[in-house]
Amino acid sequence: MKAAPFAYSRPASVDEACALLAGDEGARLIAGGQSLVPMMAMRLARPTHLIDIARNASLSYVREDKGAVAIGACTRQCVLERDALVAKRVPLLARAIPCIGHAATRARGTIGGSLAHADPAAELALIAITLDAAITYRAGGADGELTARDFFAGLMVTNLPVGACLTAVRFPVWHGERIGVGFHEVNARRSDFAFVSAAAQVELDGDGKAKRIAIGVGAATDSPIRLESAEQQLTGGALDEKKVTEAVRAALADIEPLADLHASAEYRRRAAVSLAARAVADAKTNALGSKAHAH
Amino acid sequence: MRIKLSVNGGEHALDMEPRTTLLDALRDHLKLTGAHAGCEHGVCGACTVLLDGVAVRSCLIFAPQAEGSAITTIEGVTPGPGELSPIQDVFCETHGMQCGYCTPAMILTAHALLAGNPEPTRDDIVEAISGNICRCTGYAQIVEAIALAAERMRGANRPMELRK
Numbered sequence: 001m002k003a004a005p006f007a008y009s010r011p012a013s014v015d016e017a018c019a020l021l022a023g024d025e026g027a028r029l030i031a032g033g034q035s036l037v038p039m040m041a042m043r044l045a046r047p048t049h050l051i052d053i054a055r056n057a058s059l060s061y062v063r064e065d066k067g068a069v070a071i072g073a074c075t076r077q078c079v080l081e082r083d084a085l086v087a088k089r090v091p092l093l094a095r096a097i098p099c100i101g102h103a104a105t106r107a108r109g110t111i112g113g114s115l116a117h118a119d120p121a122a123e124l125a126l127i128a129i130t131l132d133a134a135i136t137y138r139a140g141g142a143d144g145e146l147t148a149r150d151f152f153a154g155l156m157v158t159n160l161p162v163g164a165c166l167t168a169v170r171f172p173v174w175h176g177e178r179i180g181v182g183f184h185e186v187n188a189r190r191s192d193f194a195f196v197s198a199a200a201q202v203e204l205d206g207d208g209k210a211k212r213i214a215i216g217v218g219a220a221t222d223s224p225i226r227l228e229s230a231e232q233q234l235t236g237g238a239l240d241e242k243k244v245t246e247a248v249r250a251a252l253a254d255i256e257p258l259a260d261l262h263a264s265a266e267y268r269r270r271a272a273v274s275l276a277a278r279a280v281a282d283a284k285t286n287a288l289g290s291k292a293h294a295h
Numbered sequence: 001m002r003i004k005l006s007v008n009g010g011e012h013a014l015d016m017e018p019r020t021t022l023l024d025a026l027r028d029h030l031k032l033t034g035a036h037a038g039c040e041h042g043v044c045g046a047c048t049v050l051l052d053g054v055a056v057r058s059c060l061i062f063a064p065q066a067e068g069s070a071i072t073t074i075e076g077v078t079p080g081p082g083e084l085s086p087i088q089d090v091f092c093e094t095h096g097m098q099c100g101y102c103t104p105a106m107i108l109t110a111h112a113l114l115a116g117n118p119e120p121t122r123d124d125i126v127e128a129i130s131g132n133i134c135r136c137t138g139y140a141q142i143v144e145a146i147a148l149a150a151e152r153m154r155g156a157n158r159p160m161e162l163r164k
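Quick mapping for you: the protein sequence lines, in order, are chains F and D. Under the working numbering, the first residue of the first sequence carries the number 1, and numbering increases by one thereafter. Under the working numbering, the first residue of the second sequence carries the number 1, and numbering increases by one thereafter.
Excised from the complex, chain D in its bound form (with noise of 0.2 Å):
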């Protein structure tokens, strides 16, 4: 089946069988192996990925069912190449990650909430990472990560008079 995805901004006509999943579209059609496979059953979150901005599990949507919709990867969050996005900038500062599987879909959890919401609570900030699993930081750093960004962004478009 042909199948077209759009990703980070480029257009892509793909060949693969209507079960393969979005995650295994990225990763192995189009190489972007920012989105990891863990369980591949929709429980551990390691897979998420930005469909239309919003944070969804690339390993419980099959190729085409995201036909049609803006998807972004890890890939595609950097303002250029060997550049950081400001959020994946607080993840090395705070050291939000150790092994680092989970963290391409902490951080683009992350931006999803961001993107709606610029002054998230400590609590919005659990609530909107509770679908991902980190088996090693015990979630500090990353709740730390995603606040620090939070407080960040708010300021990159202030008068630095204005900032905190």
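Extracted from the complex, chain F is given alone in its bound form (with noise of 0.2 Å):
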């Protein structure tokens, strides 16, 4: 369990990390290294060179942003955990944080550094992916974005351009009155790897009828997917329980879920069916904010 060897490098800026990174068609950028470094480790990933991008102060922040609320690449997941404003803003980011990992891997781990390793298990990315997160990076001197449903292209495999440094994550702010989220992942112990994961954050109006709904599932196929069909047959509805397990056992009939020796493809579509209703279930008794409505 040694890496092999690399070279090391520290630059100052993001635009001197690019052309480092252009320079060399085995370099990687590191940041917390809680993803890169075990695949490393096992020799799954043989960089020849490592560019450090972690103390890069200009790519470590939360703030408000157009009614959005961006964070910088190199903010570290703990950070974020404990962050008043990703908590009142982004309350879906905030509620699957606590189960990336572990407290000693948050510690160090950082947002972009999750999204940009694609693991299809990521909660980032499927919170980035259910939320309409945005993207940017940094590139031959100048900047470029792509949606999350653009960004991620599959297995492990993002839509970067080659020698591109990931600078932050704008993910919209949902400004109704009545917002709920819900989250849920099964997995062999908790905090490990998810065999599958669902997010929801729906908005209710006045009469407790869904407003708006976005529904994904995570760690089910390469990468995280919206469940769009369900969430247009289930907005403006009470988001009763049958209609919503309906709804979202219709949208993953045609998936092609992932297996492996932990759970089949089939395991995961049924796993996928029942958290992603829990998860519309716990964002609708949120949103209501009352606990007569909780089960």
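Source of the hints: derived by calculation from the structure; they are not laboratory data. Glycine is no exception: its CB is placed at the ideal position from the N, C-alpha and C atoms. Treat the hints with care, as some may be off.
[What the hints assert, rightly or not] Far from chain F, some chain D residues (derived; all Cβ distances over 12 Å):
(1) G10
(2) A13
(3) L14
(4) V77
(5) P86
(6) C136
[To be verified] Computed cross-link-like contacts, EDC-like style, restricted to lysine to aspartate or glutamate with a CA-CA straight-line distance of at most 20 Å:
(7) D:K4 to F:D52
(8) F:K66 to F:D83
(9) F:K2 to D:E17
(10) D:K4 to D:D28
(11) F:K2 to D:D15
(12) F:K88 to F:E64
(13) F:K2 to F:D52
(14) F:K88 to F:D52
(15) D:K31 to D:E67
(16) F:K2 to D:D28
(17) F:K66 to F:D132
(18) D:K4 to D:E17
Work from the hints to combine the two standalone chains into their complex.
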């Protein structure tokens, strides 16, 4: 369990990091390293050059930005876990973060590092997809942006251009009064890699009907997905349990789930239906803000 | 590559490959063997050390990444030679260990927890050590040890009549 040899540099700026990255095909960026280092220890990744951007202060922040919350790529997960702005404006993100790895890995792991790693089971990828986050990057001295949906290209692959450095993630803020969130995942031990995860955010109107709803499922397929057909079907309704389950089951009927030693494709599909339905139920309860509605 | 590490209050400049993990730097270069090599890929937690007071896995950090941070290992938590910290003491008292392999990591994790949360609930304790695997104890005595340490440390700076 020792990484293969590599060169190490710690450039002072993002543009300098991009230049180093562009100059060496085998170079990789490292921030927290909590996903990359295990891959290197197992020699599944063998970068020839590690470019450490963790100390770049311009990549570590949380702030309001034109109706969104912008988070610098190198912001550590433990910082987001305790951030008041995230808790208030992006409650779904706040709800999912404690489920990422363990406290000791969240102490080092960054939001941008997790997204760039593109693990299908990553909680941050699921929340980015569910909330239509925008992912910004720097490449060749210019800024670029991808929607979360365009960002993930498949299993551990992103559409970031070659030589690009992910710089920030912007989560749109839902401004309604009755907003609720739900998140569930199933794994062998709490905080291990999820076999399936599901996230939901709803906005209810005065009658308790769904004005707006977003539902995402992670770890079941190569990249997290949105259950758009279910969202459309459930918008305007009261989100009763049966209808939600039917809608999410139909939305998941055509996916091609991953399968491995721990969870078969059929198990993942079944679990995805249950967890998505539970996430929606929790989001509804959360939006109603009343204990009387808790099951 | 010349790497400067600040460990247990001492400064060290060492020559090593950049691929050396902080764990191997501590064990092989500084002979601080209290940080244990278990899985070496971030699963078991046996290599836990404190980086600026926060519990981290030293097998998932390359030594150059740790430059500029204050590193604390189990060797650095004792008040003096031959003495034990209050947390080490309670691990002995409650028998919070058997084979001892996970113990330094458990104790450092407890140090980090209690530094930020002097009155942890049982859930707080369980959550804090959830990233540290112990294959002997079944965890019960470890949780007990940390709860007792918290109680003692809360009492330590209070007059006798106010202690529990």
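- Message: Verify this label for me: A13 (chain D) is non-interface relative to chain F, using a Cβ-Cβ cutoff of 12 Å.
- Response: holds, 16 Å
- Message: Would the hint linking K2 (chain F) and D52 (chain F) be met if the CA-CA limit is 20 Å?
- Response: holds, 19 Å
- Message: The output says G10 (chain D) does not contact chain F. Does that hold with a beta carbon cutoff of 12 Å?
- Response: With a cut-off of 12 Å, G10 (chain D) remains clear of chain F, as the shortest Cβ separation is near 23 Å.
- Minimum Cβ-Cβ distance from C136 (chain D) to chain F exceeds 12 Å: The claim holds: C136 (chain D) sits with its nearest Cβ about 17 Å from chain F, beyond 12 Å.
- Non-interface label on P86 (chain D), tested against every C-beta of chain F at 12 Å: Label holds. Min Cβ-Cβ 22 Å, cutoff 12 Å.
- Given pair status - D132 (chain F), K66 (chain F), alpha carbons within 20 Å: holds, 15 Å
- Message: Check the hint pairing K2 (chain F) with D15 (chain D) against an upper bound of 20 Å on the C-alpha distance.
- Response: Holds - the C-alpha atoms of D15 (chain D) and K2 (chain F) are around 18 Å apart, at most 20 Å.
- Under the criterion that the straight-line Cα-Cα distance not exceed 20 Å, is the pair K4 (chain D), E17 (chain D) satisfied? holds, 13 Å
- Straight-line Cα separation of K2 (chain F) and D28 (chain D) no greater than 20 Å? This hinted pair holds, its Cα atoms lying about 14 Å apart.
- Task: Mind checking the alpha carbons of K31 (chain D) and E67 (chain D) for me, to see if they're no more than 20 Å apart?
- Result: Given that 20 Å is the threshold and the Cα spacing comes to 18 Å, the pair holds.
- Hey, K4 (chain D) versus D28 (chain D), does the alpha-carbon distance stay inside 20 Å? The hint holds at about 15 Å.
- Query: Hey, K66 (chain F) versus D83 (chain F), does the alpha-carbon distance stay inside 20 Å?
  - Reply: holds, 19 Å
The structure is inconsistent with hint 14 alone, although it conforms to all the rest.
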